[in-house]
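There are 2 protein chains.
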Amino acid sequence: MTYVTHLECSGCQRRFPSEQLWNLCPECSRPLLVRYNLTRIRQDINKEMLRHRPMNMWRYREVLPLKDDQHLLTLGEGGTPLHHARQLGALLGAPNLYLKDEGLNPTNSFKARGLAMAVSRAKELGAKTLSIPSAGNAAGAMSAYAALSGLSAFVYMPADVPHPFIAECRALGATVTLVEGLITDCGKIAARRCQEEGHFDVSTLKEPYRLEGKKTMGYELAEQMGWQLPDVIIYPTGGGTGLIGMWKAFQEMEALGWIPEGHRPRMVSVQSEGCAPIVKAFHEGKEHAEVWDNAHTIADGLRVPGAVGDFLMLGVLRESGGTAIAVSDTEMLKACQLLGSTQGIFASPEGGATLAAYQKLLQKNWIDKEEKVVLFITGSGHKYAHLWQESLK
Amino acid sequence: MTYVTHLECSGCQRRFPSEQLWNLCPECSRPLLVRYNLTRIRQDINKEMLRHRPMNMWRYREVLPLKDDQHLLTLGEGGTPLHHARQLGALLGAPNLYLKDEGLNPTNSFKARGLAMAVSRAKELGAKTLSIPSAGNAAGAMSAYAALSGLSAFVYMPADVPHPFIAECRALGATVTLVEGLITDCGKIAARRCQEEGHFDVSTLKEPYRLEGKKTMGYELAEQMGWQLPDVIIYPTGGGTGLIGMWKAFQEMEALGWIPEGHRPRMVSVQSEGCAPIVKAFHEGKEHAEVWDNAHTIADGLRVPGAVGDFLMLGVLRESGGTAIAVSDTEMLKACQLLGSTQGIFASPEGGATLAAYQKLLQKNWIDKEEKVVLFITGSGHKYAHLWQESLK
Chain A
3 MTYVTHLECS GCQRRFPSEQ LWNLCPECSR PLLVRYNLTR IRQDINKEML
53 RHRPMNMWRY REVLPLKDDQ HLLTLGEGGT PLHHARQLGA LLGAPNLYLK
103 DEGLNPTNSF KARGLAMAVS RAKELGAKTL SIPSAGNAAG AMSAYAALSG
153 LSAFVYMPAD VPHPFIAECR ALGATVTLVE GLITDCGKIA ARRCQEEGHF
203 DVSTLKEPYR LEGKKTMGYE LAEQMGWQLP DVIIYPTGGG TGLIGMWKAF
253 QEMEALGWIP EGHRPRMVSV QSEGCAPIVK AFHEGKEHAE VWDNAHTIAD
303 GLRVPGAVGD FLMLGVLRES GGTAIAVSDT EMLKACQLLG STQGIFASPE
353 GGATLAAYQK LLQKNWIDKE EKVVLFITGS GHKYAHLWQE SLK
Chain B
3 MTYVTHLECS GCQRRFPSEQ LWNLCPECSR PLLVRYNLTR IRQDINKEML
53 RHRPMNMWRY REVLPLKDDQ HLLTLGEGGT PLHHARQLGA LLGAPNLYLK
103 DEGLNPTNSF KARGLAMAVS RAKELGAKTL SIPSAGNAAG AMSAYAALSG
153 LSAFVYMPAD VPHPFIAECR ALGATVTLVE GLITDCGKIA ARRCQEEGHF
203 DVSTLKEPYR LEGKKTMGYE LAEQMGWQLP DVIIYPTGGG TGLIGMWKAF
253 QEMEALGWIP EGHRPRMVSV QSEGCAPIVK AFHEGKEHAE VWDNAHTIAD
303 GLRVPGAVGD FLMLGVLRES GGTAIAVSDT EMLKACQLLG STQGIFASPE
353 GGATLAAYQK LLQKNWIDKE EKVVLFITGS GHKYAHLWQE SLK
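Chains as they are written, first to last, in this note's numbering: chain A, 3 to 395; chain B, 3 to 395.
Just so you know, these hints were derived from the structure itself, not from any lab. For glycine and all other residues, C-beta sits at the position ideal for the given N, C-alpha and C. Fair warning: there could be bad hints in the mix.
Here's a subset of chain B near chain A, in silico, CB distances under 8 Å, partners left out [what the hints assert, rightly or not]:
| no. | residue |
| --- | --- |
| 1 | Met57 |
| 2 | Gln89 |
| 3 | Ala92 |
| 4 | Ala146 |
| 5 | Ala149 |
| 6 | Leu153 |
| 7 | Pro166 |
| 8 | Arg172 |
| 9 | Ala173 |
| 10 | Thr186 |
| 11 | Gly342 |
| 12 | Thr344 |
| 13 | Gln345 |
| 14 | Gly346 |
| 15 | His384 |
| 16 | Trp390 |
Once the Cα atoms are required to be at most 30 Å apart in a straight line, the calculated DSS-like pairs of lysine-lysine come out as [said to hold, decoys possible]:
| no. | chain 1 | residue 1 | chain 2 | residue 2 |
| --- | --- | --- | --- | --- |
| 17 | A | Lys282 | A | Lys190 |
| 18 | B | Lys336 | A | Lys130 |
| 19 | B | Lys49 | B | Lys130 |
| 20 | B | Lys371 | A | Lys49 |
| 21 | B | Lys366 | B | Lys288 |
| 22 | B | Lys366 | B | Lys336 |
| 23 | B | Lys374 | B | Lys49 |
| 24 | B | Lys130 | A | Lys336 |
| 25 | A | Lys336 | A | Lys362 |
Sequences and hints are given; from them, build the entire structure.
This is the structure:
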């Protein structure tokens with residue numbers, strides 16, 4: 003049972019059949035997107051029917067690309083809480099501030115959504131061995147679902163990634179290779195080994211299905227807000243698949259009649275001052291981002307100097323009337339402390355970055371204090387405990 | 003709105019009014035238990051009515067002791083997945099093995115349930131400052147809910163607790179005191195400071211409400227299994243409140259007519275070979291456990307040499323026809339690796355201990371391979387990444 007009709011290239015718009023494994027578009031090397039028969043879905047279900055389904059990402063089963071449920075891998079991904087941040091909001095004079103806590107996903111980050119989907123689908127389409135370059139959280143998530151599926155997992159991470167990320171992958175049975183360099187260097191080595199050994203590459207946006215898992219954040223947010231999207235969404239972007247995925251969800255939900263047309267949020271990309279290629283490209287009016295030299299930040303998920311989906315992210319920011327903003331590592335940590343001490347959420351620095359960005363955008367009057375704003379806390383701080391060692395003395 | 007009738011001492015059975023703050027029984031220093039008008043609850047709701055409630059622990063609102071919902075603190079605790087462990091089961095020849103993954107709670111452990119309840123109720127009853135001695139996970143959970151409630155949090159942990167536990171508490175705004183010694187030493191210092199400074203002590207079983215939060219594991223398990231309890235539950239016991247709480251839930255559910263009478267599981271307590279007071283007392287036929295000398299184990303949650311609820315734990319084990327068993331640190335870690343690589347769950351050593359115990363009890367033929375068994379993975383491995391450093395080289 004699937005409503006998928008085909009895959010469509012985000013660059014050249016060529017169509018490809020969905021029932022085989024693909025990476026990037028074989029014609030133009032851009033990401034492939036999954037397309038559905040939304041008209042038929044609209045006839046078959048309505049959003050009220052969701053109400054009695056289990057609260058995890060598979061409640062949006064019709065807009066997910068798996069054919070046969072026997073391949074569905076679940077560890078409880080999705081269904082994360084959306085909190086009205088009353089105390090933090092009171093402190094900032096912002097009565098309509100919300101937090102989406104993705105740290106409650108399996109493996110402690112939103113990456114679980116994308117990889118539950120991608121690994122399920124890879125298994126369904128016959129992959130035997132999976133490979134991923136990762137700044138950290140994606141590797142843990144891939145290792146978990148690979149273990150559950152029985153597929154072998156090869157993980158490539160920067161050698162200086164904090165050891166909890168490595169520990170997690172090893173405990174989950176993955177083969178970990180540490181690479182001197184950044185995630186882009188990991189990507190090159192992973193790609194070469196995939197070619198040599200026939201592993202399937204589940205790099206973000208280099209296969210079509212992680213995006214589909216991540217888009218469930220958009221569906222879930224809409225449902226949790228009573229099918230009324232907020233005014234602004236602030237999201238930390240490394241590869242940017244979360245942001246791009248939510249935008250795709252909003253398009254689909256409009257077509258399904260689940261949300262009113264023309265009321266989408268302004269989308270904000272947050273990056274680190276030490277690695278802000280999207281921020282730079284956005285403000286320079288460029289369609290693509292240049293690779294960032296000497297990328298450095300404590301937020302490993304944001305240490306992505308070049309992203310294959312750069313033009314898609316920039317497109318979403320512009321189409322939505324959004325913006326892009328960089329924050330410093332110190333600002334991220336201060337924001338984490340503020341989040342923790344007012345709302346009881348121990349956020350990763352990427353999560354803290356959204357609050358730091360929100361504070362800056364309030365100051366600039368780019369956001370009004372009355373506006374309904376959602377900050378995505380993309381992961382928990384537990385794998386980043388080393389950042390708090392300073393304060394331990 | 004509350005169905006609470008009174009508090010009852012687990013030692014001398016004296017009754018106390020519930021609408022004020024209590025620690026241990028003022029007469030005999032035993033834990034106080036919350037009693038409800040179960041007859042009235044039975045008239046007012048039935049288990050079918052739960053079906054459409056949000057999947058978190060507050061779905062069992064009628065059997066939770068909060069009076070006014072305005073004090074209800076939630077970060078998304080409860081509603082954790084119950085997995086049928088098909089791959090692991092296949093490997094062990096055990097087709098009916100289940101895992102309850104409590105690592106998906108806020109702050110990564112089952113402690114969130116007890117402390118969401120205790121802090122909500124402490125706030126409702128007028129506490130201003132909270133205090134907790136903890137081996138690690140309880141401290142993080144208390145810090146989170148204290149932050150959310152706006153109450154001040156004082157945390158006392160052994161000085162040699164892994165630093166992620168300390169980092170989490172500090173990021174959540176708690177005041178952390180490191181104590182040379184074990185959790186029992188922390189407890190003494192916390193108790194003294196509570197007396198001196200009027201802090202409210204939320205030590206496990208030293209106030210009546212953490213038990214009520216933890217008992218929701220029992221309600222949830224029953225509901226997830228279609229109101230049929232398993233044959234055996236294996237649970238890692240430090241303070242033992244999880245085990246005692248589930249047993250209380252089973253009693254209540256029988257009185258409510260939610261589960262059939264006389265079909266409760268055999269309850270198994272797992273401890274570490276380096277700290278096994280309950281195992282020793284159980285097999286020696288004692289009613290109370292002696293304090294364990296020189297307690298040591300990598301599983302911080304099991305490093306509890308003496309527990310105020312020892313006689314309650316021992317009572318549950320005996321009444322249920324269960325047992326108590328110790329496993330070594332090495333066995334725990336091997337079991338964690340097995341869990342991770344077959345089921346994709348990165349478990350804390352306490353969680354791994356349940357699998358190690360299961361394997362031993364199969365070997366002894368104490369458990370039959372066909373029996374329906376639930377292992378409680380009480381927390382995730384993310385705060386224990388240092389244990390995997392060995393394998394990082």
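Evaluation of the provided hints:
no.: 1; hint: Met57; in the structure: holds, 5 Å
no.: 2; hint: Gln89; in the structure: holds, 7 Å
no.: 3; hint: Ala92; in the structure: violated, 10 Å
no.: 4; hint: Ala146; in the structure: holds, 4 Å
no.: 5; hint: Ala149; in the structure: holds, 4 Å
no.: 6; hint: Leu153; in the structure: violated, 11 Å
no.: 7; hint: Pro166; in the structure: holds, 4 Å
no.: 8; hint: Arg172; in the structure: holds, 5 Å
no.: 9; hint: Ala173; in the structure: holds, 4 Å
no.: 10; hint: Thr186; in the structure: violated, 23 Å
no.: 11; hint: Gly342; in the structure: holds, 4 Å
no.: 12; hint: Thr344; in the structure: holds, 6 Å
no.: 13; hint: Gln345; in the structure: holds, 6 Å
no.: 14; hint: Gly346; in the structure: holds, 4 Å
no.: 15; hint: His384; in the structure: holds, 4 Å
no.: 16; hint: Trp390; in the structure: holds, 4 Å
no.: 17; hint: Lys282(A) to Lys190(A); in the structure: holds, 24 Å
no.: 18; hint: Lys336(B) to Lys130(A); in the structure: holds, 26 Å
no.: 19; hint: Lys49(B) to Lys130(B); in the structure: violated, 36 Å
no.: 20; hint: Lys371(B) to Lys49(A); in the structure: violated, 43 Å
no.: 21; hint: Lys366(B) to Lys288(B); in the structure: holds, 23 Å
no.: 22; hint: Lys366(B) to Lys336(B); in the structure: holds, 19 Å
no.: 23; hint: Lys374(B) to Lys49(B); in the structure: holds, 23 Å
no.: 24; hint: Lys130(B) to Lys336(A); in the structure: holds, 26 Å
no.: 25; hint: Lys336(A) to Lys362(A); in the structure: holds, 13 Å
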